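Peer 1: In case you want the letters, here they are:
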Amino acid sequence: MRIALTGNPNSGKTTLFNVITGKVEHVGNWAGVTVDKKEGDVKGDWNKTGTKIRIVDLPGAYSMSPYSSEESITSNFVKNEQPDVIINIVDATNLSRSLLLTTQLLELGIPVVVALNKIDLLKNKGITINLKVLSKKLGCPVVETSSILKKGMVEIIDQAVKVSGKGQKAPFQSSILNNDELDKKAYEAKDKERFRFVDKLVKETEIREVESKKQTRQDAIDRIVANKILGIPIFAAVIYLVFSISQSWLGPLIADYFVGWIDKLYVFVDGIMGENISPLLSTLLLDGIIGGVGALIGFLPLIMVLFFQLALLEDSGYMARVAVVMDRYLKKVGLSGKSIIPMIIGTGCAIPGVMATRTIRDERQRRTTAMLTPFMPCGAKLPVIALFSGVFFENAAWVGTSMYFVGIGIIIGGALIVRRITKESSAKSYFIMELPEYRLPSIKRAYVSMMSRAKAFIIKAATIILVCNAAIQIMQTFNWNFQLVAEGMENTSILASLANPFAYLLLPLGFGVWQLAAAAITGFIAKENVVGTLAVVYGISNFIDTEELALVSGANDVASIMGLSSVAALAYLMFNLFTPPCFAAIGAMNAEMESRKWLWGGIAFQLSMGYVVSFIVYQVGTLITTGSFGNAFVPGLIAVAFIIGIIFYLMQRNNQEEYEALKELG
Amino acid sequence: MLENLIVFLVVGMIISSAVYKIYKDKKKGGGCASCPYNTSCSGGIQNTGECDIK
Chain A
0 MRIALTGNPN SGKTTLFNVI TGKVEHVGNW AGVTVDKKEG DVKGDWNKTG
50 TKIRIVDLPG AYSMSPYSSE ESITSNFVKN EQPDVIINIV DATNLSRSLL
100 LTTQLLELGI PVVVALNKID LLKNKGITIN LKVLSKKLGC PVVETSSILK
150 KGMVEIIDQA VKVSGKGQKA PFQSSILNND ELDKKAYEAK DKERFRFVDK
200 LVKETEIREV ESKKQTRQDA IDRIVANKIL GIPIFAAVIY LVFSISQSWL
250 GPLIADYFVG WIDKLYVFVD GIMGENISPL LSTLLLDGII GGVGALIGFL
300 PLIMVLFFQL ALLEDSGYMA RVAVVMDRYL KKVGLSGKSI IPMIIGTGCA
350 IPGVMATRTI RDERQRRTTA MLTPFMPCGA KLPVIALFSG VFFENAAWVG
400 TSMYFVGIGI IIGGALIVRR ITKESSAKSY FIMELPEYRL PSIKRAYVSM
450 MSRAKAFIIK AATIILVCNA AIQIMQTFNW NFQLVAEGME NTSILASLAN
500 PFAYLLLPLG FGVWQLAAAA ITGFIAKENV VGTLAVVYGI SNFIDTEELA
550 LVSGANDVAS IMGLSSVAAL AYLMFNLFTP PCFAAIGAMN AEMESRKWLW
600 GGIAFQLSMG YVVSFIVYQV GTLITTGSFG NAFVPGLIAV AFIIGIIFYL
650 MQRNNQEEYE ALKELG
Chain B
0 MLENLIVFLV VGMIISSAVY KIYKDKKKGG GCASCPYNTS CSGGIQNTGE
50 CDIK
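Note that the protein sequences, when read in sequence, are chains A and B.
The opening residue of the first sequence carries number 0 in numbering that gives the first Met the number 0; numbering runs sequentially from there.
The opening residue of the second sequence carries number 0 in numbering that gives the first Met the number 0; numbering runs sequentially from there.
FYI, nobody ran anything at the bench for these hints, they're computed from the structure.
Treat the hints with caution; some may be incorrect.
As the list claims (entries may be wrong) - Lysine-lysine pairs mimicking DSSO-like chemistry, simulated, CA-CA at most 30 Å apart:
hint, chain 1, residue 1, chain 2, residue 2
1, B, LYS23, A, LYS78
2, A, LYS150, A, LYS51
3, A, LYS202, A, LYS135
4, B, LYS20, A, LYS22
5, A, LYS51, B, LYS27
6, B, LYS20, A, LYS78
7, A, LYS124, A, LYS51
8, B, LYS23, A, LYS330
9, A, LYS227, A, LYS36
Claimed, not checked - A short, non-exhaustive set of chain B residues, derived as facing chain A with CB atoms under 8 Å:
hint, residue
10, GLU2
11, ASN3
12, MET12
13, ILE13
14, ALA17
15, ILE21
16, TYR22
17, LYS23
18, SER33
19, CYS34
What the hints assert, rightly or not - Restraint-style ranges between C-beta atoms, simulated for each label pair:
hint, chain 1, residue 1, chain 2, residue 2, range
20, A, ASN480, B, LYS26, 55 to 63 Å
21, A, GLU38, B, PHE7, 40 to 48 Å
22, B, LYS23, A, PRO500, 46 to 54 Å
23, A, ILE643, B, LEU4, 54 to 62 Å
24, A, ASP269, B, LEU4, 17 to 25 Å
25, B, LYS23, A, GLU38, 17 to 25 Å
26, B, GLY11, A, ASN480, 22 to 30 Å
27, A, TRP397, B, PHE7, 24 to 32 Å
28, A, LYS149, B, LYS26, 29 to 37 Å
None of the values given here were measured: they were computed from a predicted structure.
Ideal Cβ positions, reconstructed from N, Cα and C, are used throughout, including at glycine.
Produce the entire structure from the sequences given, and follow the hints as far as they go.
Peer 2: Right, here's the structure in full:
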């Protein structure tokens with residue numbers, strides 16, 4: 000038996016799906032988190048019927064009209080795949096909006112069970128709903144549920160099994176849903192009738208007190224948090240606080256103990272192996288595997304603290320306000336207001352972020368957003384930020400915070416450039432997003448989110464990063480004649496000879512050595528690789544001090560081993576953050592852009608942006624700190640001028656074509 | 000000699016387990032081998048049999 004879960008965005012579908020299937024799909028206290036269907040089996044705890052039930056969680060939809068991509072996924076699924084039953088999740092606190100979709104679902108003839116969700120919030124809001132009347136008027140069972148409190152789960156599954164195989168009568172019949180010939184205007188006309196029907200239904204079933212004090216307080220908070228002047232400084236302060244806690248206070252405290260265990264493991268394995276082991280095997284196991292992976296795993300506590308806080312922020316409803324604050328800036332540079340959602344999702348992982356661009360209907364805006372979303376520092380880049388902010392900068396928190404804002408700046412600048420290059424006019428977009436209510440964030444949900452990300456981090460470190468580190472160690476140990484490289488002669492190794500040509504290109508950016516070039520290249524496989532590779536090539540197994548409770552002590556030692564100035568380190572960090580993302584994210588860009596020209600253009604743009612930003616940071620920073628420009632200034636300037644020249648040429652070419660076309664028209 | 004063989008086997012086992020896990024995840028059809036959400040994140044889409052990541 001197959002059940003489809005449908006409902007408005009942010010009505011709690013995915014939370015309910017997670018409860019009844021035991022899965023841990025990403026949920027958020029805002030609309031648009033789910034952009035594709037997900038499937039899972041109902042757990043035995045909730046299914047007392049003995050029937051095997053498969054649940055399909057569909058993206059949120061306000062209606063069954065096929066005019067937005069995520070709604071069309073829902074619409075196509077229920078129309079074409081004919082599930083046995085539809086469970087319609089209705090937000091009990093917003094009945095009038097939710098029932099529009101319900102009436103459309105009832106018209107399909109597939110048995111519907113309404114889950115009146117968020118009933119735990121009704122009392123506080125002074126809302127009473129007459130369940131019996133609602134059920135009678137709709138002609139289907141209505142069950143009270145609370146996904147968060149896990150209430151009504153058994154009942155909803157029970158009712159779904161009972162109605163399976165029976166038909167469904169509709170209280171409102173428009174007979175347009177199965178008519179694909181109708182245009183948008185016809186849909187809208189019929190929907191007006193439907194709205195009137197729903198309004199009448201709500202009046203008969205719901206008693207709502209006038210706006211409560213709590214709502215007024217929420218509005219007052221919004222006026223400050225989403226204010227056009229205060230919104231950005233508040234966001235900056237929040238991110239600064241998040242980084243301070245994760246990288247300066249709590250994170251290092253936990254990391255210190257954690258790294259101590261990794262060090263003990265290193266010493267223990269070293270002790271077991273003794274003196275007679277082949278140096279190749281010994282270095283591969285100790286430096287390549289334990290050292291390389293251990294150096295990365297050392298940052299796990301910092302990352303976990305950071306993700307825990309981000310999950311709290313998301314659950315509180317604050318991130319939805321950030322979307323509203325950013326909307327006005329993105330609209331001005333020709334992006335859709337919806338572009339901010341992929342970018343916020345991209346702070347966790349660029350891949351789902353890029354995938355979320357599919358909700359943007361305008362093709363140019365969708366492709367531009369897919370190209371620019373990876374500029375937001377994702378979770379994989381956090382160890383790199385943590386490493387460099389800790390090793391080279393005493394006040395670690397401002398580095399991470401500023402990386403987010405540099406990313407936003409590049410996105411805005413990039414959107415302007417892409418708009419000028421493509422010269423395609425997009426319809427002015429209006430971003431309508433339902434703001435979720437502020438709520439006390441759940442520690443449990445934040446914990447689950449943090450643990451799931453930690454699990455992802457550990458698995459990645461134990462697989463891709465481990466294999467890469469082993470390969471790097473082998474390439475560093477041998478030369479092209481497959482002879483062991485003598486100590487101190489690593490620059491004759493296979494790795495050095497492969498990375499050296501790239502190192503020359505990076506000279507004007509302040510980090511033209513093969514070790515750093517190799518780490519940047521392996522970062523394209525997975526960004527965490529930058530940390531792992533640096534650990535292997537410099538033979539550092541611990542970037543975090545175990546003696547003092549401070550991040551990366553021996554900071555001076557690590558910095559001197561790398562031979563970088565603080566300015567060059569910042570340039571290197573930015574190069575790794577703002578050049579193209581990992582290959583998997585590039586694959587996602589390819590899928591969403593659906594154009595080779597856009598894909599390669601996007602990769603070239605990302606490479607150019609990373610190079611230009613790093614060049615400016617290094618050369619200007621060096622000029623300020625030492626009074627003269629850094630290494631290879633002139634060749635770098637030529638390269639940057641060439642990049643900027645091409646961008647200007649592409650922007651002007653379109654102007655010229657437009658001018659000539661206008662001239663021809665007279 | 001025996002110590003070297005043991006270490007060689009341990010290193011080989013660790014690396015081959017990692018490679019096998021990546022291979023297994025890749026075979027499942029998702030885009031991000033080794034990611035535990037390979038099959039279920041918005042980008043994975045494996046469970047619907049419509050992996051979009053090419």
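Peer 1: Indicate, hint by hint, whether the structure satisfies it.
Peer 2: Against the structure, the hints come out as follows:
1. B:LYS23 <-> A:LYS78: This hinted pair is violated, its Cα atoms lying about 34 Å apart.
2. A:LYS150 <-> A:LYS51: 21 Å, holds
3. A:LYS202 <-> A:LYS135: Status holds; Cα separation ~14 Å.
4. B:LYS20 <-> A:LYS22: Holds: LYS20 (chain B) and LYS22 (chain A) sit about 21 Å apart, inside 30 Å.
5. A:LYS51 <-> B:LYS27: Distance of about 23 Å is within 30 Å: holds.
6. B:LYS20 <-> A:LYS78: 38 Å, violated
7. A:LYS124 <-> A:LYS51: Roughly 38 Å separates the two Cα atoms, so the pair is violated.
8. B:LYS23 <-> A:LYS330: 43 Å, violated
9. A:LYS227 <-> A:LYS36: 35 Å, violated
10. GLU2: 6 Å, holds
11. ASN3: OK, holds: ASN3 (chain B) within 8 Å of chain A, min 5 Å.
12. MET12: Since the shortest Cβ distance to chain A is 11 Å, the answer is violated.
13. ILE13: 6 Å, holds
14. ALA17: 5 Å, holds
15. ILE21: ILE21 (chain B) check passes; min Cβ-Cβ to chain A is 5 Å, inside 8 Å.
16. TYR22: Because about 10 Å separates TYR22 (chain B) from the closest Cβ in chain A, which is outside the 8 Å limit, the hint is violated.
17. LYS23: 10 Å, violated
18. SER33: Holds, because the Cβ-Cβ distance from SER33 (chain B) to chain A comes to roughly 4 Å (cut-off 8 Å).
19. CYS34: 6 Å, holds
20. A:ASN480 <-> B:LYS26: 55 to 63 Å: 37 Å, violated
21. A:GLU38 <-> B:PHE7: 40 to 48 Å: Once the Cβ atoms are compared, 44 Å apart, the range 40 to 48 Å for PHE7 (chain B) and GLU38 (chain A) holds.
22. B:LYS23 <-> A:PRO500: 46 to 54 Å: Distance hint for LYS23 (chain B), PRO500 (chain A) is violated at roughly 35 Å.
23. A:ILE643 <-> B:LEU4: 54 to 62 Å: 58 Å, holds
24. A:ASP269 <-> B:LEU4: 17 to 25 Å: 18 Å, holds
25. B:LYS23 <-> A:GLU38: 17 to 25 Å: With a Cβ separation near 20 Å, LYS23 (chain B) and GLU38 (chain A) satisfy 17 to 25 Å, so the hint holds.
26. B:GLY11 <-> A:ASN480: 22 to 30 Å: Holds, since GLY11 (chain B) and ASN480 (chain A) (Cβ atoms, about 24 Å apart) stay within the stated range.
27. A:TRP397 <-> B:PHE7: 24 to 32 Å: At 47 Å between Cβs, range violated.
28. A:LYS149 <-> B:LYS26: 29 to 37 Å: 35 Å, holds
Taken one by one, the earlier hints fail for this structure at numbers 1, 6, 7, 8, 9, 12, 16, 17, 20, 22, 27, listed in ascending order.
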